[in-house]
Amino acid sequence: MKKIFLKYGIAICSIITLASCDKQLNQVNPNTQTSASFWKTQDDALAGTNACYQTFIEDGGYMRFSPILLNVQGDDIKSNSPWTAISNAARFQLGTADNSGYGWTFDEFYQGISRCNQVIQNVPGISMDNTLKNRLVGEAYFLRGLYYFHLVNMFGSVPLPTTPAKTMPQSTVAQGWAQVKADFKAAIPLLPTTYANPDKGRATKGAAMAYLGKAYLFNGNFDSASAQFKSVIDLNVYSLMANYADNFSENTENNAESVFELQFSLTAGGTDLQWQGVPSSTWGFYSARAITFGAPNFGWTDVQPTATALAEYRQEKTKDGKIDPRCLATIFYNDTVDTHLATTPMYQTTFQVAYASSPAYMKDTYCKKYENWQGSKPNEYDWKSGINERLMRYSDVMLMYAECQNELGNASECAKYIQLVRNRANLPDRQSEFAGYSKTQMRDQIGH
Amino acid sequence: MKKKQFIASILLAMKIIVVQFTIAVTFAFSVYAKKSEAQGILDKPVTLTVDKITVFKFISLMQQQTGVKFLYSPSAIDGNKKISFSGDNKKISEALCEVMKPLDIRYKVVDDQILLYPEETSLNPLPDNRTVNVAADHYVGGTVVNEKGEPQAGVSVTIKGSSLGVSTNEKGYFRINVKDDNATLIISYVGYKSQEFKVGNKTDFVLKLEPSTDQLNDVVVVGYGTQKRKDLTGSVATVSVADAKKNPTYDVAKMLQGQVAGVTVHGSGEPGGYVSIKVRGISNFGNNSPLFVIDGVPIDAPFDFSPEDIESISVLKDASAGAIYGSRAATGVVIITTKKGKAGLPKITINGYAGIQQVPKKISVLDRVGYQKVVNAATTNAGLSLVPANDPSNPNFVSNINTDWQDAALKRGSIQNYNAGISGGSDALNYNVSLGYFDQTGYQVGPQAYKRYSLNTSLQGKKGRFSYGAKVAYMYSKKGNYAGTANHAVFGGTVTSMLTAIPTMPVYDSTKEGGYGGTDQTIHRAISANVVGLNSIVDDWSERNRVLLNGWAEFEIVKNLKYKINASFDRTDYKNYHYEPSFNMGFYYINTQYYYMEGFGQPNKQLVENTLTYNITEGKHQADFLAGYTFEKQNSPWQTGTSRDNGSMQFPSFSNAAASANTISEGRATYVTTGLLGRINYNYDQRYLLTVNFRRDGSSKFSPAKRYGNYVGVAGAWNISNEKFITLPSAISSMKLRGGWGTLGNQLNLTEYQWQPFINTASNYNFSNTYAHGATTVSVADPNLHWESSTTSDVALDMGFMKEKLNLTVEYFDKKASDILTDLPLPYSVGSVPNTIRTNAATVENKGIELTLGYRKTEGRFTYNVSANFSTLKNKVLKLGGTNNPIYGSGSKTEVGRSVGELYGYQTEGIFQSADQVAGHAFQSVQTSPGDVIFKAQNGKNNDHTYTLTDANDRTYLGNTIPKYNYGFTFNAAYSDFDLSLFIQGSGGNKVFNGVYQALMTGQYGNQHTDELNFWTPTNTNTKVPRPIINDPNGNNRFSDLFVENGSYVRLQNVQIGYNIPASSVLIRKHVFNKLRLYVAGENVLTVSKYKGYDPDFISDGLFNRGFDYGSFPNPKTFMFGIQAAF
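From first to last, the protein sequence lines are chains B and H. Heads up, the first sequence is in the working numbering, so the first residue is 1 and it goes up one at a time. Heads up, the second sequence is in the working numbering, so the first residue is 10001 and it goes up one at a time.
Hints are not guaranteed to be accurate.
[As the list claims (entries may be wrong)] The calculated lysine-lysine pairs, modelled on DSSO-like cross-linking and capped at a C-alpha distance of 27 Å, are:
1. K23/B - K10706/H
2. K10478/H - K10245/H
3. K10605/H - K23/B
[Claimed, not checked] Only some residues are given here: those of chain B computed to face chain H with a beta carbon under 7 Å:
4. L25
5. P30
6. T34
7. D107
8. I113
9. P159
10. D199
11. G270
12. T271
13. P279
The set of hints was computed from the structure by calculation and includes no laboratory data. Positions of the beta carbon are idealized from the N, C-alpha and C atoms, including for glycine.
The shape of chain H in the complex, shown without the other chains (with noise of 0.2 Å):
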């Protein structure tokens, strides 16, 4: 019974190691390159005497006494002839050839192990139960080759209706004994579509391979396993990732703008620089990033991994895909797998890509003599005299400086990206090794870039019932931040303040202590920053190291009953640094004391999971089942030094700080979450799917009892294409019709111990200069907190015509999120700090509709494929809590029934022309003069200058910020060597902020936008810019419509020109390469956009105030070139 089992799960390993594996491990390495180790394997000795024993038992004695083992199909072989043996220290190889010659089986050796197989069968059989018959001898041969007429290894080549094949070596040669001219030889390879060929009388062929188009047998990994596509009843977008890989960025995230619908991207041009996903909208008033898992592992900051390791992604976008992670769900859940090792001779390969990049624009700006002219008409307005520096009568004007900030301060930044692996191994362990270096530095002046090493190590293998792999990665980083000063805030950030750095400041001025210029409080007025001074002097920089380590075990209990345990420990140190010594670069930007911080961190997470599968099929109907339970731990404990002195330190240290200077701080945090977790998946004929999915979570970040939340999916698919009373016109090929519901849990926008109130041990005092110690509550919590929740409701359509070559879904969903967490504003009277209290307060509702559309074609040596994807996006607030209040932010309201931080501000009416016109308008301000900006008020009093206009009842909706769709276009072609890729996307019917161009527009002592010189005069009063005047009286400046843009855009991402070294080449003759692909790549190369910033697609992610520029690092246009190498 053991005997029989363990040669059955034999065969399980074989079948899946000859269907599935050999096709990628090349026909070569199992004829020459084993030579010597085959050699080895069958020079070993054997001492045997039997007299009339079977087969079976022969070769289960040779197995016990030189340890090689054996692999054969019973039913191929015929083990229970009786043979009879004698040798002494013969080896393996006499012993097989005496015994087995003469019943015709033949032997090879295998990784480690020989394989018996019939003579018929040629090499590389097809074991099955079924009996071999050959009826004679036909042997026919055949070169298959590829769409671009390459030859093509590892290509299986089966008979129809027979269990024979054999699978093409290195030349793509193969050879076959067929039973007649009637056969049928079918040819199938990874990525092709499987064929089928007529023998006839030919004996010699040339096969060719065509692309497969049916997606509908891919793979899709799911949580905690994969499904087949046509198995889906969940929204499961699976993520092509050769196409996203085109993107050269660090971050994975960025890597899936424009891919997927319903996943939406922003990203920034800062080295190393943070991006924000969404998967279908904002779904709370937080963190709204998905979770990832990669490689079963729920990773944070996914940015840390090398993407160029990836082997696939899974976005799970609604409820029902997503339930099975619970309370880690509700925003999504992006599913990632690293590339695995397989079986066979250690492949190597080596990408690598280097590329320059820059600001794609540059924004108008004064130069001096426009500087000076408009703020000469600001003082004059405003009646104060003259700014020396721009007052050519005094002695302090300036006239031989005339600084272009844009030109100073930008320069061509760069990006590299380096990975090299090696991947091999036997089915008992193969490994995959990869290691990358990523390193980008800004476009910026200044030391600030970000590089990153990383090491991906996978192990995994079988050994009987067992199954197991392992997983080692470590990552270093070092990203070099952009001056932020401890001591003097850095207005709009270093976008910003090098456009409206005034053109009179000199960039050097070796004269000032740190050798960069500044202005002067008497003689330019003017609080400008010198963000070259600023970026080069102040030293920022974060570092991570980061260490993931994983393994995993599972075995089959009984057929089809398999038990898994997969743990994990991650855990990541990190160390801020900041020094910034004392400087000085004029006015506020003067700073007498250093200030050096060293913060320090180790974040770490433990994970445990246990799951119990077991699948059945009994006649039409199939099912699966998944149960578990997970347990995580995650520590956050961090440790800050800072010190602050007069005038500079001599060498940055705490060692070097007096004791006074030096102060340290300190926290710890922990929480566990607890998941029971289970899915059935109902399978009725392959037309009726069902899938239900549970899990019930725990966390330690609620009171006791609020701690659980129980999450369920119901999803079904009714296959219609594959309905008996249904006949579809012959161009559709496939149709499911698929529809769920589920809830999900979060509680990502929790800290620890939030529930509780704490007392703060640092409300200290002093008297007489005397230490006095202070402790007490100062905030107030909510014990009632618990989990929030949204609820996604799916319906959707999976078509596929012209026998796949076109697949389109069309999918609508609903998702409703409720119990949000938000920081509800308390009355300043209560007295905590923060005056809010996070509480369950707000549900918020998303709706949308996404397309995914494919097509792909192959005519002659020219072969292409386009993918598109389509989705809107409509965002509802239902409830805001309490007395539903509505939320402000600067420039911003979320009110019910609007969506999530809409513009708010003040409508405008054009530029007053006359006192009378002033006189006849609602009051705004005492100066209020011709050339001011007219205000709208909003209640009817427009005309009535007995009304003041005021914030709470004259600003108005000034445009919605979420993008109410989303688009994403990929185009890929080859013909012959040569391949072409393009990629689109954009995004439209949203309004944004330009917080720069406010910034630039404001009439005050800073530099201004060219369109600024416009400005209104008694004389020139066809305009609508406002007169220029110090102080800004009137609020020209503020928050209006004057400075909302349209943020809709369109942008050709990326363009790739690829050429292979054909396979014809001396190099890959020579096996110098197996594969050399050099490539050429243009990102962000052209954007169609009304939007007067660096950039449309900016970093706006504030919890109600999106969609605000205030000068986000523009995303660079990249120039780069690549190479890809297998050897």
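With the rest of the complex left out, here is chain B (with noise of 0.2 Å):
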């Protein structure tokens, strides 16, 4: 009897202990909610559009790479960096064995374009605040348009997927402007031209429109460049900050030039750069620029302006006889033969006393934009600075604008446009010789 008991009692409870035991299988991730259970409410769209932003303030997006790689490959900068992801981007070397940098960039700006893929595809469909719905599409629109601007005008043929997690094939340079243009276009309507605090640094209807325009101008087509640039003139929120050197400190942010920026805080996130990878809280949102472009013992020094590039800036006097305040904003140099200027300030020192033992360092030229050098650190190696990168300012708005108009042939529209950028920097008034310019002179004087 107790054996029966026991033999059917030892059954019975293995069968329940089986059977309770592989419910438990079913387990549910307690971190996090899956895929399937989001995009359903506003929060979810809201959430869902900022995560748009960040992967441009990524290591491969304005963190560091893209202002790297848009920099280097121009005469007027110059790479001694020991690291062959930058100095071989400089002399146009980039082995497909490595693809530390670019490789970022690229990866980054499509992780980007997944995400406004899954806001375009998934937010029209919630049940939510109409305005803000539109806006928010709106934004991916214009991101996913600056991301694909920035992929096809870096890298030229590239897969152009407008669906989420979608596998490809490469797509023609021509297919990808032709899907930049259409993404702004189809921001433009959706866009405020202005936010309020705290949503000042978002998509604007302004910046939509100025990139279409540098779109078609990208591809000669003038007119419709110069038709876009001119609205965003029209719009009349933008204007020239009186000083120039206010387009790249921290204190002066999201100002009356800015038409679009990348928004950098020491303050707002957490302690860790954003490296590469899936995004964690620790991350912070700071631009590493400042420590990579910056100056021998402040900096990397990855990045440097050429000689050639300082002498431009020091052809035209201002007014008043001194250097071009543009070229005091821009580079470090010794600067003491030819400005007001008895010592250069930088970081807590002086160039001169900085580089007083080093003859060379002391003839060399280093980037001055972007640096912290103005305010307390006494160098950059914290990594971290907080300066917002500014992708649009109204000035190259009005630049393009001159330029097409002088495609177009309309030399006096040019030539004011051009005499109303050098204004801010106090150079003399030449609007009415370059009205006489021919478009060829004119060029020459815009490539200048």
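Can you join these two chains into the complex? Each is in its own frame, and there are hints to help.
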């Protein structure tokens, strides 16, 4: 009897434990929600759209490599970096074996596009405030256009997925530009002209129009480009900052001249730099541009302006015979000979003191834009810069508009806008002189 | 009926007690040791008046009244005799004397029970069902000695053909009553041959034990049970634990190096460093460590437990043996049992060793003068001005610093291990408690070390039909890690950085923050890590607290049908700590912000296993059945806090940081696996053996549709030597042919919840310095993820020669792993991060032959044994998933038809000697000049200057990184009180990439190997070393065959010489010690290898990048002294 009880008891117990244990095979991730349960609420829509901006400030984005790649591949910039990812880019040598740098840029921009695609696909179906819905979808279109602008501009024939997680073949460059323009066009009607705080820094109608114009310009469609730039000017919300250097400092971000800028911050996020990988809550919103471009003993000096660039800046003096303030805001160099300054302030010292013992450094030229040399920092070795990257300034719009006008044969309109920008630098009024230039002469002048 | 069963189980218990355990429990214990205790039992009072009842009844009444247990064999004593007794408050001893003496029944106390036995059998009878029939008294006596001539206690002495037996006392003495002169004595003792001696007319004997050479009857621990070696059908290797323990290490995995055919181990010299172990090659693209099962509990991170506690190790190599572990066994299983207590007086053992360790060789790098010469040439060749520190005409020229960084950064390390144990108990409950302490300090300057305290307690016993056991293990360890900084990469780790550090950098510099020297961007131009400074300044350690609780109970439901429940709980609390203050070690190593990190985790695992076993013997048929259900649940919560801000922390603590400097993150994960298992072992007449295993596993790591996997193993064996119609030559004492086939699963290379896509909630942004929460899907997932599986076929021949003195096993295996989880690259345009998708894609095959040979011999006072193992391995990728695109690593390529991770790079053809030669060769770079390396174009365009060399077209395979063969050889010898052992192991047939040498042959600003001095110049053209040139425009230092070397080596891993204090010494005679052995040993004594680096045995377990030495800590040379004592 007892035995039977035991036998069946064990059998029954085993079956019960068996069944209940196998139920435990259904484990739910306690850390976060599944993708299938997302895109249901207004908060989801907002958070999903914010995420579209984030990849722009990662390592391959504007935290470090986008400005490096866009800068070093020009004849006004040199790189003596020991890191070949930078110095080889400056020599137009990119191997396929090591994709450091440019590969990160390519990769991260597509991560951004995947996020934009999710917003564009999912947000329209969410029941929420319609104005906000339109704006968010507009932001996603703008950002996708901007990512594709970079990709097509930097890499040429790239795949153009417009839905999430889709494998696509390479497209032609023309198809790429068509996608860029289509995205900006879709964004313009959905976006507001301005934002109140705390939303300052989001994509605006003006930004989308300016970039659409730039896309036309890059394809030689001066007519269409000109029209877009003109409509930005006609929005009447932008103006030039009186002080040119305000465009590269941390205190004067999202200013009147700013059409679109990427937001960096020393205070808003975590404490780690946004290298690459799966985003983490410890990531902050720092830029590493300052340390990378920084002068010797203050940063790594991976990117430097050339002597030619300095010479160009020094060609024309201000009305009062001083050096162009844009030169002083852009390049560190031993300028005691040709300015009113006895010494050049550099962090907590001066250029002349910092390099007193190294004649070679004294003769060289270093980046000054987007460096924190005016503040209280002794150098850039903490890696952290909070200076927003101004992607599109009103002066760009004006100059691109001028360029279009020149190409379209309207020399006087071109000269007018060029001089408007020159006035801010206190350069002599040469509007009428420029108005008399031929198209080719004017091109040379713009090139300068 | 109940009673009968009770007695039967007592009998069984007694059988076990006497046959197996008495041998270990010395006679001494049962004689005097128990005096006081025995007296206590015998003095218990009895008040009883009975008339004409049977002896059995009388015993049971006594038992009822006193609570004292009586043990007896009903056939040995005549229990049906009627007796009468009357006593009031009499002592048990008195009552027994009165009643039993007339019946010729004697008694004695064994533990806390009273054993009744017939007078003739003297002490320690061997109870049996057969009737005791003694014709006449004929006592003989003698002494049993071991091969060294020492008296051996606890040896069983029986009379052939009868049930009579005794065991020897502590002086090796026995006395036994034999029938007549024709009787034969049989002596037997664990580890020794069973021998027979004719009594004849002698009355006094000196009998000598001979060490056993027969391993066929050795009990081998297999999954969920044990088997005799001769009954094995699968591929199960047993490790000689005594030999393995001679390797001084904290990690059982490292102990197995060279011990078992088919097991490969790589370790490094870092204290507490990682050890990689693989059974039969690479069978997946992730974790290839075998499953470790310690005392029936699957254990992760077995290095937490002290190897000193190990009693036996078995390695299940094939699928038929491993199938019982189903989803856990695809990478092999290592089954470990730890020491258990044995009934008897407490036995105390103390073992310890202490030694010194140092790097076995020095790598020849440049001093100041050589360094300056090379760098000056490099800058001049590049058209750059000389580096001020290297330019004699510069005021900053360095002439007074000449640091030898190997001298500065290396020291003598130490290793110590102590273990104290106590064991004993009774059959109802025995215990073993051991305490261990391990301490290893690194040989690189800095506070880095590994320390471990461990406690292992095991209890087990048996009462009636219940058997039970429990185990409590606790461990604390602390490992100090070498400098890794959060803010600055230490390129190539601290070993490579130590070698490439420039001689013109001082070790110390009191003018710099932190006090350590560094380079200057302007003066030296070199980025050079000061490893002495970094190791000392950066405080990085990890701490582990681990508790393992295990309990089991077994109940015999009916005869031979047993139910067992085994439950365990295993929890580790770990803490990782990192603090780096702000410091200035020059140039790149300027740290203006502190970084503080504390990470915690509490991984814990619950395991419940229910098993039913049944065995049946019916004539020549014998079968064992096993069925079971297992449940395992693992939780892995973790939390990490970090703090980062300007300057240093006044005192490292989150409380001292600004709130904005602190961040916190956490994660939780749980997975559950369940398994149904079954096994049948069938044995017909010891000739034909068959094993069938089955397991069905479910795992929460897969989607509900893909959750379960079924695994089967079948194996058979034919004991040819037991076959009636085959007569083997007499030299062959045993011969067995066996083979098996089976499938196994694996899920280790998958993290929890990976089959579903999830929302990343940290894709944040900010607008105008205001945080803006971002959330979205960032990673692509494969919902069809399923189990990895492997299929193994195995054929083997086990042979014994010369009465099992020589044993040989030859085995061939073919293991095919399929559905291997691989991170297949996704096109970047998908936008997934990571830009890979984990999916079941690849198939890899491993084939090999394994040979194991053992020989032992005794000649007089000289005994020795030799064991050797040799295995080959051929790895081949059969499938890589999708379109079978090759997988590239940095300098490696994995392609279908070749082995995993073969080296892949440029082939060199010497040095360009002239501009004409450059112009006549495929284009390399605009700056290619005489003195640069010639790289070969692989597509026939080698001599076509219009063709440009590219990575995609002109790299080629440079060698296989997986050793073709591994071997181990052990020689143990003893002469009198001395013993000697040698252990040699090695591997070969593989190529390795010497990344350290590559880093030392750059011709850049870092320090260089002395080989670099022979660089090419127009006047020094007969050289293989290219011209040094800053920025290396021709890529002379690229990944090429210049740095590929032969990885073969043979190493005298261990030499040990021991001395046993002889039994005749005062210490042993006076019972200060039972055993005392002293030894000296050398570890990593001698290595024969062509490898230029520190150590050809290095850690390189990258996914597809294997065989890369990027500065693994070389295994140190150790000299040590040890002591082993038992009390």
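The hints, checked one at a time:
no. : hint                : result
1   : K23/B - K10706/H    : 15 Å, holds
2   : K10478/H - K10245/H : 22 Å, holds
3   : K10605/H - K23/B    : 18 Å, holds
4   : L25                 : 5 Å, holds
5   : P30                 : 5 Å, holds
6   : T34                 : 5 Å, holds
7   : D107                : 5 Å, holds
8   : I113                : 6 Å, holds
9   : P159                : 4 Å, holds
10  : D199                : 6 Å, holds
11  : G270                : 5 Å, holds
12  : T271                : 4 Å, holds
13  : P279                : 4 Å, holds
The structure fails none of the hints (numbered hints given earlier).
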